[in-house]
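Produce the entire structure from the sequences given, and follow the hints as far as they go.
If you want the building blocks of each chain, they are given just below.
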Amino acid sequence: MSDYGLLLKNNSGQVQIDSTYKNFAKTGTGSGSITAGESNSLALTSITDPPLFVFKPDSSYFSQFQGFTKSGSNYTHAIMEGEYSAGNYTLYWGQFQGSVVNSDPTYGLIVYNSAGDKVFHSDDKYFVIVGVYSGTLTAPANYGEIATKYTDITVSDATNNYFIQSVYCRSIHSIQLQPSPPVYSVWPTGRGLKKISSTVVRLGAFVVYSGGNYGANYQKTDGWVSAYTLIEVKVL
Amino acid sequence: MADYGLKIFDSSGTAVLDTTDKIARLRYSVVATAGNSSSTVLSDISGKTTVEFAFGLATGWKIPHSVSRSGTTISWTARTMDLHTSCDTFILVFLYD
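Protein sequence lines correspond, in order, to chains Y and B.
Basically the working numbering = 1-based index in the first sequence + 1.
Basically the working numbering = 1-based index in the second sequence + 4.
Since the hints were made in silico from the structure, they are not lab data.
Honestly, I wouldn't trust all of these hints.
[Said to hold, decoys possible] Capping the alpha-carbon separation at 16 Å, the derived lysine to aspartate or glutamate pairs in EDC-like fashion look like this:
hint, chain 1, residue 1, chain 2, residue 2
1, Y, LYS27, B, ASP14
2, Y, LYS71, B, ASP92
3, Y, LYS27, Y, ASP124
4, Y, LYS10, B, ASP22
5, Y, LYS10, B, ASP101
6, B, LYS11, Y, ASP124
7, Y, LYS221, B, ASP86
8, Y, LYS27, Y, ASP50
9, Y, LYS71, Y, ASP50
[Claimed, not checked] Stretch by stretch, here's where chain Y covers chain B in the computed footprint (C-beta under 8 Å, at least three residues):
hint, stretch
10, 28-34
11, 48-62
12, 66-74
13, 77-88
14, 91-100
Here the structure is a predicted model, which means the values were calculated and not measured.
Ideal Cβ placement from N, Cα and C applies to all residues, glycine included.
Dropping the structure here:
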């Protein structure tokens with residue numbers, strides 16, 4: 002127990018604010034158009050620290066967050082993978098960072114740690130965890146299994162809340178397009194999120210796009226981690 | 005209105021903190037460099053609930069690290085696959101108990 006500062010708990014006894022650890026604060030929200038493939042770029046509020054990125058799953062198509070791109074020393078865009086069969090859809094997103102965002106208010110509450118750093122600021126909008134869902138979803142062994150690899154997860158609010166899936170997954174599967182001469186195509190596959198109902202999201206394998214010819218037996222699943230963590234967050 | 009706890013409003017009157025909220029506190033973060041696996045011991049998380057996750061800091065046929073917790077040890081493991089290489093990865097550990 003610290004002998005200075007503030008320790009604040011919620012009505013379940015869980016610590017909301019202490020005088021040691023920083024909370025994550027919102028630095029931006031927005032929306033962007035997503036289509037099939039892995040080149041969907043969403044413009045963020047440019048910052049030098051790595052951001053935390055969350056999004057609302059679409060109700061028709063799977064999406065997976067791939068990573069960030071930088072311009073100089075700033076993180077500027079989030080790259081999303083969209084489902085191969087997708088038409089255009091709009092994805093809503095939010096970003097957070099681990100430092101106090103706003104300048105000092107003229108009223109409200111600021112909490113400092115022992116080093117004098119701000120760890121809480123009442124003008125910031127914080128990363129509220131609504132639920133954490135963990136489990137396993139193994140990689141599809143082949144193209145035919147892609148549509149069967151999913152799990153439906155009951156959440157608090159799939160319409161208004163945002164989600165983080167960890168960790169990024171990639172597998173690649175070959176299929177034969179024509180028998181003679183034999184022609185094959187590979188199908189890079191991700192593990193994404195889709196909204197099923199107001200309280201259910203689907204975490205599942207989905208084809209991202211169709212690739213080149215790597216022969217008949219090209220099945221790669223070592224970019225896939227079966228264990229998943231799905232975090233549901235409220236973005237104010 | 006609750007008769008305990010703290011509810012904080014911003015200047016627009018929006019509640020930014022309510023008595024039922026679980027706002028995660030960042031316990032640990034590191035940028036794991038591409039290709040390097042490692043771990044750290046966070047002795048103070050013993051008996052506490054955390055959530056760990058990992059984001060790639062690069063795109064285009066890159067694979068971020070995986071991350072896991074065992075006891076008070078947080079481990080991150082670089083991954084690769086055919087045609088894909090490991091990338092720098094943002095590892096985050098939040099306390100939310």
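Right, here's what the structure says about each hint:
Between LYS27/Y and ASP14/B the alpha-carbon distance is near 13 Å, which keeps this suggested pair within the 16 Å criterion. A C-alpha spacing of about 12 Å is found between LYS71/Y and ASP92/B, which places the hinted pair at or below 16 Å, so the restraint holds. Simply put, LYS27/Y and ASP124/Y have alpha-carbon atoms about 10 Å apart, close enough for the 16 Å limit, and the pair holds. Proximity of LYS10/Y to ASP22/B is assessed by CA-CA distance (about 10 Å); at most 16 Å being required, the pair is judged to hold.
Restraint check: the Cα-Cα separation between LYS10/Y and ASP101/B comes to about 9 Å, which is no more than 16 Å; the hinted pair holds. The straight-line distance between the Cα atoms of LYS11/B and ASP124/Y is roughly 13 Å, inside the 16 Å bound, and the hint therefore holds. The suggested pairing of LYS221/Y with ASP86/B holds, with an alpha-carbon distance near 7 Å, which does not exceed 16 Å. About 13 Å separates the Cα atoms of LYS27/Y and ASP50/Y, which keeps this hinted pair within 16 Å; it holds.
Between the alpha carbons of LYS71/Y and ASP50/Y the distance comes to roughly 11 Å, so the proposed pair stays at or under 16 Å and holds. Evaluation of the coverage hint for the stretch 28-34 of chain B: fulfilled, as 5 residues show C-beta separations to chain Y shorter than 8 Å, against a requirement of three. For the stretch 48-62 of chain B, the stated coverage by chain Y holds: 8 residues have a C-beta nearer than 8 Å to a C-beta of that chain, and at least 3 were required. Beta-carbon proximity to chain Y at under 8 Å applies to 7 residues in the stretch 66-74 of chain B; the threshold of 3 is reached and the given coverage holds.
For the stretch 77-88 of chain B, the stated coverage by chain Y is satisfied: 6 residues place a CB nearer than 8 Å to a CB of that chain, which reaches the threshold of 3. Counting residues of the stretch 91-100 of chain B whose C-beta sits closer than 8 Å to any C-beta of chain Y gives 6, which meets the bar of three, so the coverage hint holds.
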